[in-house]
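Novice: For reference, the chains in residue letters:
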Amino acid sequence: MGVGYSELSRDSDCSVGAHALQACRNAILDAGLSKEEIDGVGAIYSTDLPTVWPGYVVDGLGLPSVNWTTCAFPPSINVVIEGVQAVFSGTCRYALCYHAKYRWDTTSSAARSDPMRKAPWRGSVDGSLSSQMIAPFGGGHPFAAAMQRYMHLYGTRREHFGMIAVNNRTNATRNPRAVFRQPISIDDYLTSRTIVEPFCLYDMDTPIDGGMAVVLTSAERAADHPHRPVLVEAIANGAASQSDMMLHPDGLAEPFEQLVSTLWERSELRAEDMDVVNLYDGFSILTMGWIDAVFAGRGNAGAFLQDSWREQEGDVRFLGRIPMSPHGDNLSEGCLQGFGHGNEAVLQLRGKAGPTQIEGARRALVTNGLNPVCGGMVLRSPD
Amino acid sequence: MANVRAPHINPDTREYWEACCRHELLLQRCSDCDAWHHFPRTLCPSCWSGNVKPTPVSGRGTISMFSKLGDRVVAWIDLEEAEGLRTVANVVECDPSGVRIGLRVELVWQDFDDFSLPQFRPA
Numbered sequence: 001m002g003v004g005y006s007e008l009s010r011d012s013d014c015s016v017g018a019h020a021l022q023a024c025r026n027a028i029l030d031a032g033l034s035k036e037e038i039d040g041v042g043a044i045y046s047t048d049l050p051t052v053w054p055g056y057v058v059d060g061l062g063l064p065s066v067n068w069t070t071c072a073f074p075p076s077i078n079v080v081i082e083g084v085q086a087v088f089s090g091t092c093r094y095a096l097c098y099h100a101k102y103r104w105d106t107t108s109s110a111a112r113s114d115p116m117r118k119a120p121w122r123g124s125v126d127g128s129l130s131s132q133m134i135a136p137f138g139g140g141h142p143f144a145a146a147m148q149r150y151m152h153l154y155g156t157r158r159e160h161f162g163m164i165a166v167n168n169r170t171n172a173t174r175n176p177r178a179v180f181r182q183p184i185s186i187d188d189y190l191t192s193r194t195i196v197e198p199f200c201l202y203d204m205d206t207p208i209d210g211g212m213a214v215v216l217t218s219a220e221r222a223a224d225h226p227h228r229p230v231l232v233e234a235i236a237n238g239a240a241s242q243s244d245m246m247l248h249p250d251g252l253a254e255p256f257e258q259l260v261s262t263l264w265e266r267s268e269l270r271a272e273d274m275d276v277v278n279l280y281d282g283f284s285i286l287t288m289g290w291i292d293a294v295f296a297g298r299g300n301a302g303a304f305l306q307d308s309w310r311e312q313e314g315d316v317r318f319l320g321r322i323p324m325s326p327h328g329d330n331l332s333e334g335c336l337q338g339f340g341h342g343n344e345a346v347l348q349l350r351g352k353a354g355p356t357q358i359e360g361a362r363r364a365l366v367t368n369g370l371n372p373v374c375g376g377m378v379l380r381s382p383d
Numbered sequence: 001m002a003n004v005r006a007p008h009i010n011p012d013t014r015e016y017w018e019a020c021c022r023h024e025l026l027l028q029r030c031s032d033c034d035a036w037h038h039f040p041r042t043l044c045p046s047c048w049s050g051n052v053k054p055t056p057v058s059g060r061g062t063i064s065m066f067s068k069l070g071d072r073v074v075a076w077i078d079l080e081e082a083e084g085l086r087t088v089a090n091v092v093e094c095d096p097s098g099v100r101i102g103l104r105v106e107l108v109w110q111d112f113d114d115f116s117l118p119q120f121r122p123a
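Residue numbers (this note's numbering), protein chains in the order written: chain H, 1 to 383; chain P, 1 to 123.
Be aware that a few hints might be false.
Unchecked claim - Per label pair, the in silico range of CB-to-CB distance:
#	chain 1	residue 1	chain 2	residue 2	range
1	P	Arg-60	H	Gln-357	52 to 62 Å
2	P	Arg-60	H	Gln-337	31 to 41 Å
3	H	Ile-208	P	Ala-6	51 to 61 Å
4	P	Asp-32	H	Glu-7	40 to 50 Å
5	H	Leu-153	P	Pro-122	13 to 23 Å
6	H	Gly-297	P	Arg-60	51 to 61 Å
7	H	Ser-113	P	Asp-111	24 to 34 Å
8	H	His-152	P	Glu-81	42 to 52 Å
9	H	Pro-64	P	Thr-55	22 to 32 Å
10	H	Leu-33	P	Ala-82	49 to 59 Å
11	H	Leu-216	P	Trp-109	48 to 58 Å
Stated by the list, open to error - To be clear about the criterion: a stretch of chain H counts as covered by chain P if any three or more of its residues have a C-beta under 8 Å from a C-beta of chain P, and this derived list gives those stretches:
#	region
12	14 to 21
13	77 to 84
14	104 to 110
15	234 to 241
16	253 to 263
None of these hints come from the bench; they were simulated from the model. The beta carbon of each residue, even a glycine, is placed where N, CA and C say it ideally should be.
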């Protein structure tokens with residue numbers, strides 16, 4: 001319903017980000033829509049980096065209500081196909097799909113003498129296109145700073161973050177796939193090596209070599225196949241209008257709340273109906289943000305964890321009943337950037353999780369991500 | 001400070017870094033709706049106007065959060081011009097142990113051979 005272009009050229013004086021914003025703005029205006037109406041944004045991973053990922057467009061156009069985002073592998077038709085699927089499935093109403101390119105020195109030998117065309121970070125996504133605004137200062141660690149600010153604002157203590165790390169490790173001790181199965185205690189967490197203040201060793205996910213995969217189909221087709229099917233009840237993403245990961249790493253609440261409220265709008269289920277919650281743990285601060293968004297409200301996750309903590313077992317039961325990440329997640333099973341969160345939920349709801357099985361699990365919440373890339377699903381067993 | 005490298009510039013950031021060489025800290029402000037934004041873009045994220053102008057800021061702000069890496073402190077600084085207007089820089093002329101959230105800071109220029117960095121020191 002709308003098409004847009006930036007001014008195409010061999011030698012524009014215009015950044016790749018500016019081209020993306022111009023084209024997107026023009027498409028939205030051509031469609032006669034307002035910024036509030038765009039609820040889906042899809043990009044293409046560039047074959048020459050950096051990719052202008054969807055958070056850049058959400059941030060650059062100040063889009064306030066985005067709850068579907070994707071970044072597809074090229075060629076560009078792939079993001080349009082995903083947009084069609086998103087609209088057809090009812091996942092979003094108006095999907096903005098785009099791509100932007102730039103003649104970087106990595107792709108054009110004529111570009112090598114042009115300082116404007118020096119690709120910013122070799123081999124890096126830099127999807128906010130802002131790495132070079134931070135690099136001269138040494139970079140720092142945005143999420144360590146975000147954890148610091150969260151503790152300052154809300155009085156959350158390291159022990160609370162420790163409960164996340166210990167919960168996940170305790171669960172991993174029962175998971176034969178997990179790379180780290182040695183139990184740890186809160187004391188171990190508190191005395192562990194500082195990596196970047198306030199991150200300690202156990203606040204950060206575990207790099208591994210590994211692969212994970214899933215196959216999806218319609219409920220009708222799944223009924224004919226051997227495993228008990230697990231149904232996707234609701235899906236959503238969340239993106240905040242301040243989505244620059246380098247500049248706003250602490251901006252977790254808005255995208256997370258966006259996502260979670262969209263899931264509940266699409267499902268009759270609520271947080272308290274879940275039997276398992278697999279909340280993303282790329283860094284423990286992210287899990288803290290998810291606990292706020294799903295259960296506790298902004299800044300209250302620390303107290304909520306404390307109320308949910310089982311000292312004897314070294315794990316949590318939210319609302320007295322709901323476990324978190326029975327497989328140990330990124331922090332202990334191993335980091336596949338959240339794939340394990342989904343796969344474990346499927347195994348749980350099939351009743352096939354083996355040593356990590358939560359008895360009678362029929363409803364699961366899975367979340368992945370940070371600002372500006374996050375996604376989530378509600379899964380359930382058929383009635 | 002060890003290993004400080006000049007930023008790679010692009011058409012969005014060129015004016016910003018050139019102004020830094022003149023010791024001017026200029027952030028984008030929309031001539032149509034007055035909104036500030038940072039990092040520099042060619043469109044106003046608020047009203048989508050292309051009339052954004054590099055505009056001087058006072059250089060005064062407050063540390064919102066920070067991270068120490070090696071001998072450097074990287075701080076996220078909320079500037080006084082507008083709610084949510086933020087930049088990133090090192091905190092200089094200060095013992096790292098003296099840096100805290102809420103510290104009021106002011107702009108100070110740090111010169112290298114062919115570029116200058118806008119840094120901040122306790123005000």
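Novice: Look at each hint and say if it fits the structure.
Specialist: Here's how the hints hold up against the structure:
Between P/Arg-60 and H/Gln-357, the C-beta spacing of about 57 Å keeps the proposed range 52 to 62 Å intact. One distance hint, 31 to 41 Å for the beta-carbon pair P/Arg-60 and H/Gln-337, holds here, with the actual separation near 40 Å. Checked against the hint of 51 to 61 Å, the pair H/Ile-208 and P/Ala-6 fails, with Cβ atoms roughly 36 Å apart. Range check, P/Asp-32 to H/Glu-7: Cβ separation about 21 Å, and the 40 to 50 Å hint is violated.
Checked against the hint of 13 to 23 Å, the C-beta distance between H/Leu-153 and P/Pro-122 comes to roughly 22 Å, which is consistent with it. Checked against the given bound of 51 to 61 Å, the beta carbons of H/Gly-297 and P/Arg-60, roughly 33 Å apart, lie outside it. Under the hint 24 to 34 Å, the C-beta atoms of H/Ser-113 and P/Asp-111, about 27 Å apart, fit the expected range. A hinted range of 42 to 52 Å for the beta carbons of H/His-152 and P/Glu-81 is inconsistent with their spacing of about 23 Å.
Between H/Pro-64 and P/Thr-55 the Cβ separation comes to about 25 Å, which falls inside the hinted range of 22 to 32 Å. For the hinted restraint 49 to 59 Å between H/Leu-33 and P/Ala-82, the CB-CB distance of approximately 27 Å leaves it violated. At about 55 Å, the CB distance of H/Leu-216 to P/Trp-109 agrees with the hint of 48 to 58 Å. Interface restraint, the region 14 to 21 of chain H with chain P: holds (6 residues with C-beta to C-beta distance below 8 Å; minimum three).
With a threshold of 8 Å between beta carbons, the proposed coverage of the region 77 to 84 of chain H by chain P is violated, since 0 of its residues qualify and at least three are required. Here's how the region 104 to 110 of chain H fares: 0 of its residues keep a CB closer than 8 Å to some CB of chain P, so the rule of at least three is not met and the hint is violated. Counting residues of the region 234 to 241 of chain H whose beta-carbon sits less than 8 Å from any beta-carbon of chain P gives 1, not enough to reach three: the coverage restraint is violated. Under a criterion of three residues with beta carbons nearer than 8 Å to beta carbons of chain P, the stated coverage of the region 253 to 263 of chain H fails, only 0 such residues being counted.
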